[in-house]
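Line by line, the protein sequences are chains A and U.
This note's numbering puts the first residue of the first sequence at 143, with every later residue one more than the last.
This note's numbering puts the first residue of the second sequence at 116, with every later residue one more than the last.
Be aware that a few hints might be false.
[Stated by the list, open to error] Partial chain A-side listing against chain U, Cβ under 7 angstroms, derived:
| id | residue |
| --- | --- |
| 1 | Gly-176 |
| 2 | Val-180 |
| 3 | Ile-187 |
| 4 | Pro-197 |
| 5 | Phe-200 |
The hints are simulated quantities; they were obtained by calculation from the structure and are not laboratory data.
Even glycine gets a Cβ: it sits at the ideal position worked out from N, Cα and C.
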Amino acid sequence: MTNADKDPRPKYLNLLQIRLPVTGIVSIAHRISGVLLVISMPLGIYLLQHSLGGPDEFRSLSGFFSNAAVRLALLLIVMAVAYHLFAGIRFLLIDLGVGEHLPAARRGAWSVVGATAIAFLLALFVVI
Amino acid sequence: MNMQMTGLRAWLVQRVAAVYVGLFSLYLLIHFTTNAPGSYLEWRDWVGHPGIAVSWALFFIALLLHAWVGMRDVLLDYVHNTAVRLVALLGLALFLLAQGLWALTVLLGAGT
């Protein structure tokens with residue numbers, strides 16, 4: 143059985159002090175967005191079920207989505223999808239050998255940030 | 116590939132599932148911006164259409180497989196106590212399975 147306390151190697155886990163390079167930030171944000179999406183899965187399926195429940199339920203959804211808090215949550219989830227997708231595409235390209243080495247990897251990471259910023263502006267335009 | 120549960124198999128499943136989920140998401144985005152359903156009947160008929168319903172079902176299967184591999188990696192990385200990790204993995208598996216069965220009932224309902 144592995145137990146972290148028996149490991150004598152030093153560790154530094156002060157998240158407030160650790161500074162990651164852009165590639166590291168893109169990577170952990172990809173993981174975080176993924177976990178967020180898994181958590182929002184039940185809500186997504188519930189909305190799908192509700193939208194197919196009948197004409198009244200379908201109509202009530204437009205009222206639901208005009209609520210400001212709901213629109214904010216929707217924006218967050220849509221951005222999580224967009225970010226996870228862009229960072230994911232970068233990882234798939236790396237799997238294929240594209241953007242593996244450091245200079246290209248950093249360019250790729252910044253591209254993900256840029257693409258997400260553009261998606262954010264588009265999403266704002268739609269949601270607001 | 117051999118029959119053992121190697122990391123390579125999980126990696127491949129996650130990648131293939133990712134491509135389908137990515138493409139389907141793009142399809143949904145295009146569909147909703149160009150041809151958004153105006154009424155309940157329009158919506159239900161589109162989801163209930165055999166080809167569309169199957170593509171939705173495949174989407175959920177791919178999504179759950181992709182989520183399983185990803186979340187399993189997260190648990191393996193951060194949960195160091197073996198017993199707790201086992202329980203967490205079991206909980207995750209049940210959660211994803213439940214989502215899948217629920218999504219299936221929703222899709223089957225649209226076809227009626």
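Numbers of the earlier hints that this structure fails to satisfy, in rising order: Checked against the structure, no hint fails, so every one of them is satisfied.
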